[in-house]
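K.L.:
Residue strings, one per chain:
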Amino acid sequence: MAGRGHVDVNERRLRPIYDNLDNGNNKVAIQLVDKVLKKQKDLHCAKVLKALALFRMGKSNESFTLIQEVASLEPSDDPTLQAMSICYREMQKPELITKIYESAVRKQPSNEEYHSHLFMAYVRMGDYKKQHQAAMTLYKQFPKNPYYFWAVMSKVMEAMFSSDDTLSKKIILPLTLKMVEKLAKEDKLEAEAEVQLYLMVLDLMDKHEEAITLLQGELGEKIVSEWNYHKYRIACLYAKMEKWAEANAAYRKLLREQPDQWSFYLSYFKSAFELIDSGWTPQEDQIFVDGPPDYTVDSIIHFVEDVIQLESAKDSRPQRGPYLARMELFKRLKERKNKDIEKLGSLTAMLLHYFDVFGDKYCCFGDLSTFLADLDKETIQSFLDSLWKRLELDPVDGKITFAENEKHLQRHVSFLQISRFLGKHESLSSDEKISLSKELLKRYHDGLKFGADLLSTDLLPSDMYCLFAAHLLLDVWKQAGDDGMLWRVIPILEKGRSNSPANHHFKLLLIRLYCIVGAFGPCLQLYEEMEIKHVQRDTIGYIVTRHCAPLGHFHLVSGVYNDTLKFFTVNHKDTTEYIISAYKYGSFPKIPEFVKFRQKLNNSLHYTTITVEKMISELLLEANANNLKFEDLIRYMEINPEKDEIVWDELSDNRDFTLLVSYDSEEKQCSEEDKKDSTEQEKGWLKLQSLVLRILTAAGLLLPTVNTNINKNGTETPDMGEILKTLVNEFETHLEQLEKNPVTHKKFPLQGPPESRTSDFLNGNHGNIILNMMKATSDIQHLHANGIDNSGEVQERIKNYLQQTLRLLEDTLSKNRQSLVTEKDGQKKLHYSVLPNMVLLTESIGYITLLSGVCCKLLKPIKSIINKRNRKKKEAPQAMPAIFETYKKFLDSIQQFADTVHIAVLDLDPVFVSMDLSQLSLVDKETAKCVTNRANMSDRELESSMWKKIEESYKQSSQNLSGILKQKMEYLATLKL
Amino acid sequence: MTTLRPFICDDMFHFNNVNLDPLTETYGLPFYMQYLARWPEYFQVAESPDGRIMGYIMGKAEGSGENWHGHVTALTVAPEYRRLGLAAKLMEVLEESSELKNNYFVDLFVRVSNKVAIDMYKRIGYTVYRTVLEYYSGDPDEDAYDMRKALSKDVNMKSVQPLKDPVRPEDIE
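Sequences listed follow chains A and B, in order.
Going by my numbering, the first residue of the first sequence is number 3, and it counts up by one from there.
Going by my numbering, the first residue of the second sequence is number 58, and it counts up by one from there.
If you're looking for bench data, these hints aren't it; they were derived computationally from the structure.
All figures in this text were calculated on a predicted structure; none of them were measured in a lab.
Heads up, the beta-carbon is just placed ideally off N, CA and C, and yes, glycines get one too.
It is possible that some hints are incorrect.
Said to hold, decoys possible - Derived lysine-lysine pairs resembling DSSO-like cross-links, with alpha carbons at most 30 Å apart:
id, chain 1, residue 1, chain 2, residue 2
1, A, K586, B, K158
2, A, K409, B, K172
3, A, K224, B, K172
Stated by the list, open to error - A short list of chain B residues far from chain A (calculated; beta carbon distances all over 10 Å):
id, residue
4, T130
5, E153
6, K158
7, I175
8, M177
In isolation and in its complexed conformation, chain B is listed as follows (with noise of 0.2 Å):
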């Protein structure tokens, strides 16, 4: 059970049992306001009956022509609500609003080593599409799989024909 509503301002104060896991990022409240002054609804939260958070999903769109897509920026589920279907739930929301959109596609960044979540976007339709080297910084630096999931714009499914070489972070679009 579980609510799913736009994200607003006020959950920042409410999120860290979300972002205490060392996995979610807290930037500053710049990055947060820009996403939601630019990309409202792509930024859903859900809130479970006791008003606590349970997760969230961040993403804008981006790009021209055919690569005019829906991005997620972040997701995050907090442990204890973990293994209840939410990311996918999550994911769906930001998907249906890509598709209002117009977007051609949906595109994700992944650690190559988050087996449980690259597992989980291929069980949701996500597939590979390349690997970008490095993309993570760290000790040592760590590679991401960029995954895409075709929407019903893109007829000929072209936006996930899957690249044979990996690229560097400078190269992404």
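Okay, chain A solo, but in the shape it has when bound (with noise of 0.2 Å):
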């Protein structure tokens, strides 16, 4: 080994190349090791360092090979392991880190580092069981506490992430266990980390008891860094073993310190019925420091009533905990129909006295939204009459008084929230709904002076009179299907917009609106205001990438999919170090949570479907286009069709569907079950697709390729005929799954999920269109692979299949081909549905495109042996089967049909300027005119302008589909036998 000189050498040589890798020079960087391998052949982190330059320059395959080059070589020193890994990690290859650790510590066997990077190297790769290995050897040799902490936290992930239960239960964690125990009796546990590991082992065997009495020991003192920890421990651990006595006094005691903490009070209710209902009595000789437990109604009353009193005597402002724990044990003895309950008021005297001290908090309805449902009908008026006379807003000789302050205004909203909550809005008639917004947009107007001086970055108070005006309209386009009320809705909400950008609310709604009414064009740059990035692409990202292609707004679909698989691939790589991270910190609990956490993201539906309708865009785009074939872009896509990737019972929804508020009264807005169901139509999307996807591939991968660049591995190929045919029977099957579900056609509120694109497939009938020619390709294949005599009847089926693909193809365009705007009685019309139908038309003719191609390609030499045996044989040639005047035919009538469906697609292009819809105008003539909101639009102004943005969005989704239309007649045209 060369001395310290020549390893100085060695990194003032290679430094110039790290500081370009970083800069992102990577052709630099090449050079520059290339210099340096001239003087010195052997210098293997340069050769890494140009594997890793080359990686990042897009050539994998080249700097693969390097890279293994000098891992069979096995070094061992370590700048080399170090670029190594860094190189692996970005090629996403942690198993090959492993192996060069593995090397390395064979080779030198004494270094502490290799063999904690070997442990690392594990980590990464979640193998619970080498990670104990490497954690143990490491401690026999240096016999460092973290180290032993390191294996034992590696059992507890064995145990925790084990499939089979009784395994980690009777076996892993008492070994674990032991192994805590050992250290314990020894006295060697010193840090902190390690008592809660201790800890964390205790509670997942359930032995609680001991967990007490370790907390309450010597070592339970070493817990020092979280505030409370034990009171709030111990406290949890008498619940989960069920001392209802001890937990409730525990949590009393916690209560009197901090009677804001909402947790607390409900285990200490949790704990105090507990007591009743078992009909527990303190024995006499029983001893309680804190006092004996709460187990009688009145007691609890008392209690409540007592935390109130303390709470309301404060100096400081109050807080809400104490008057809505009374509220809640209200709840709680209606509940058990117990007559205690008159003890404590009735709850319309509850409800005003909060709405007294907190209605000018913007959270007074969601605090109070829970127990407003236990208030009787008949109360019901009388409670918001009393609600209404505290706001003294009744007009004043006809006229509107308005809200004198920022406060005044917020009880103003409060009120509205929880009388829509409790279904007045719901009670008025549509003139009633409307006369309501209009008196609403009113104070909306009036209250924008609350927010004179409010920086931009701050909602206005005013706000949600808009929101409100908005959501009433929106009732009345619902209830009486009055379109018309939504062309006033987008104006007053872009109004809204304009004044408070920084309140989120408007563009939720707005983007839900535009694309209601088929209009993409305005919903990307709304999205992006919103500056939605990272983990929001996974939880928000829904609502513009489920509308983008649907609304024909083909042109962004890449850009839009990529963002989203950016964010995921990414994460996938980085958070892997922050798991080695927490053992590094001994941050144990935060293990398990991380590893659960990436697991949810790994599976996350919305990034497998995006992944897979990528891919379909792309072949619905790219394919049979610009020199590219189709089945050399199928292998460029590495897709194996044979397996489903999709691990179907571990995807998860990660969707967040609280974004746009509502009021609605419970039963109207979106529940459990719609979460659940919607989650099941994705699902159920996404089999669709996915199916699609595997069945395109297996049909381009029918097609011999002669690129040979892509034709890698000389494996066994399977028999694609095959895999095409099971693949068909498949999607038949799921098809019908999805018609016999109910839930596949289920509507969502409004303000929950958008449905997924399944109902307006099925209803289009475009599942059976595409089988129909998934059908025929798979015989065709029959014919190719099994020759044409005696084929007859194969012959008649594929005939049938393809007529009936026309036939259906043509049955659905005759349903959905309408004009965009139709004129009824003075009254025009916006028929939004015509455009997903027609860009749902335009993908199913793009599908059996590329399946036209597949199955000429597959008719021709069928073709050329015939041709060629007749002219052998001279003397009696054999007539051409039918198949191929069949298919001809088929070719000449499917580009009849696309030029059909482009006329159609054509006249999506909207002139929407006649479409003068004022004489509905909400706001009276004056209003209409002046100027009310930042942008310095009227509202007259604001209308149009909707309208231009809407036409514009048409006009863009009638040119993608125009030009997908056209490649695909363009395509068509060159298929000939």
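Bring the two chains, given one by one in their own frames, into a single complex with the hints.
P.N.:
So this is what it looks like as structure tokens:
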């Protein structure tokens, strides 16, 4: 081994290479490496850095060959190993990192750092058993506590993530506990983290008594970094052990100190009612350090009243907890039909009192909503009347009385939220709704003065009026099906948005409405204004990804999809490092949390869907265009049609459905069931798409490729014809299941999740359309593989499938073909369902075109065989089988059909300028003309701006569809037998 | 009524109502995970009874010697839960954690224009220690106040003696 001086020389030589890599100058880095290698051939590290630069330039094959060349030499110097780790990590090949450190520790068994790197490498892999071994090896050689506890934690992970629960509980965990106890007995436990881990093991084994003893003992004193940790934990352990008397006293004591901590109230009530239900009474000689627990309703009431008393006597601002706890107690007593409930007074009185104290807070409604449901029907009106009286907003001389200040306004908003939630808006007639909406808009304009000196990043107090006005009009739209209302609501929301650019509620609802009317155009900007990024791509991203392609904005699709996918791939690579960090810093409880979080992201339903949608859109837009053959593109995409890569049971729907606010009554809100059903709908759609993708792939792989570069590794090719057949069957079964499932066509509340595309897809019969084409392809493959002789029956079947495909297509077109705008009784109507249906039709034509190409190429060799045969034996030439004529006819018809759709699509390019709906204007003429927003637009201008946006969006969709169809027609024209 | 508890990874799936606020930055996952892995007790969340996230505080312990201190990296409360004293409560938790770690003081940076926040910090005992020039990039760049509160370990309140001259971001230790 060279001396220190040599190392320094190497370091000096490599430094500029590292710098260039850091700055993204990969080419320069490579040049420098080559220079260094001329002087010093065997400088492994330089080679690895070159591999890294190559990889970053996208030359992954070349890069991999180079790094493996170094790996085969089993290097054991630190810089090389480090560089290799970085490189493998970027290549997403963590398994190879374990390989290099395995050989490194073999060569230098006393190198502590390499052993520790090996442990980390196993952590990256999630190989808990090997982690444990590596940590124990480390500890034996270098007896330091952290290593021992790495080993313990590895065991815990093995137990937690094992599929065999009995094995975990009966063997792994007891073993793990023994490991910890051994060190504890030897008095060797040092750090807080070690005691934490001890507690974690006890918790997993439900040994709560032991945990309490531990916490109260000397070792418990080591836990110092969390405030009140012992008290919380012990109370929680008593509850887990169902020692309700102790738990109750513990939580009561905690509540005295922190009367706003909601989770404590829940545990306090739970324990108290458990005591009541079990008829618990204290035994004579029982001693309670903190006084006997509350085991009667009286004592609970007494406690709660006492906390309220103390709270109201304080000078500081009152906390909400005690007041809400009293209502929670009411709720629980009511559920139990307990007579003592009277002692609490009436719910109405409590609600009114709460409103008096907290009505001017935005959270007032949210706080009360769970208790409002307990109001008796007959008391609702008088409750609302009392609230209204308190507001002092009665009109004077027929004129609206406006809120005097911001707090007053907020109290009114709380009132509106409560009364809407209690069904008061539902029961209004359409006219009453419209008139209330007009009033709220006036209040909105007036209330804008309260936001005059706020920053542009603040929400305006008046915003809620605007949102309420919109919600009321949307009620009219939904109930009466009056689209005119939609055209009123959008400009109102646009106004709200321009006045209050920080308020995302306007933007979210606008995106929803624009998508409903078929205009994706304005959505991306709205989305980008909210600066949605990172994990939000998973939780919020669906609001745009769901609509971008289905509304024909194909020119944005790849950008939108790529942004989404980038988050997931980058995250997957980066987040393992923090699992490693958690081991290093002894944050053991975080380790399973991180692992589960990564799983949820990696199995994200949204992620999986976008992955599939992206590939489908690439096939649709790029295959057989620009000299890129379908069969080559398929091979570049490296999809294995045989294997379903999606782990259906593990899919995690991380979409956030709480984004759009709703103050509707409970039964009209998006329910847990709606959420579950939406997940099911999306999974159903994903399965459809994934089968389409696999079927197209299998079809593409039927064709040979001349491009030898991508026809790699000579492994035995499976029988694609069989795979295709199986997949087509699976597709058919899935279609049947979707048709039968009532969830497929379920609609959700406006503020809930958007419906999946499946319903429109099935209603347009697209499943059967492409199914017939798939079956035709599969049978043509059969002819191709088994020869044409004696295949009359198969040929007849193919003919049927092809005719059926055409017939169904024509049916669907005739059902969906409609002018975008119609006029009836002087009222114009925009038919916004036309566009999504045209997009579906275009997509189906796209799939059919791809399969037509495959069929054509499969038929060709059959024809040439017959031609050849006929040339040889001249006397009795074989008649051309009917299939060729059938297919030719089909090609002609499908081209004609595509042409018809193309004309229909061009009709989508609209002229809305004529859509004057101003006779319905909601604002009176004076306000219509005056400027009431920061964008300096009058209401009339906002309205025409909306039409312009929608018009442009439709124009764009029409152009995109036209482009796709033209390209398909051009391709079809090249198909000749 | 609030439940204060440690922030967990899953909270990232639910913090949209907080993070859609334009002044609340949504960071990449590594950023949050780095804090969770190293300083889990400095990362707390306030949750409403219906499970909505009301706000959260994210911080760390750093520095050496008498500069060993708690630092507030992010403190945010969703618009609908403002004016309830929630930010002060979250600060209290972080201060308690810092006390337990024997930190000398707690510090934080705030935009000089954010009057509401500055007033709140002053109410709970923070003072301006120094001004950091052009700390927030944007158009134009904005200065920050470095505000501090001494903890019981800093008996003589040395850490909060204000500096006269402003500093540049690159000069912050």
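K.L.:
Is the straight-line distance between the alpha-carbon of K586/A and that of K158/B 30 Å or less?
P.N.:
holds (19 Å)
K.L.:
Can the restraint linking K409/A and K172/B be considered satisfied, given a maximum Cα separation of 30 Å?
P.N.:
With Cα atoms ~20 Å apart, K409/A and K172/B stay inside 30 Å; holds.
K.L.:
Just double-check E153/B for me: nearest Cβ-Cβ distance to chain A has to come out over 10 Å.
P.N.:
violated (4 Å)
K.L.:
Would the least Cβ to Cβ distance between M177/B and chain A come out above 10 Å?
P.N.:
holds (13 Å)
K.L.:
Closest CB-CB distance from I175/B to chain A, is it above 10 Å?
P.N.:
holds (13 Å)
K.L.:
Measuring Cβ to Cβ, find out whether K158/B lies farther than 10 Å from everything in chain A.
P.N.:
Given a closest Cβ separation of 6 Å, the condition is violated.
K.L.:
Take a quick look at whether K224/A and K172/B sit within 30 Å of each other, Cα to Cα.
P.N.:
Distance ~41 Å between K224/A and K172/B Cα, so the pair is violated.
K.L.:
Please settle this one: T130/B was flagged as non-interface, so is its CB more than 10 Å from every CB on chain A?
P.N.:
Answer for T130/B: holds, closest chain A Cβ roughly 16 Å.
Of the numbered hints listed earlier, those contradicted by the structure are 3, 5, 6.
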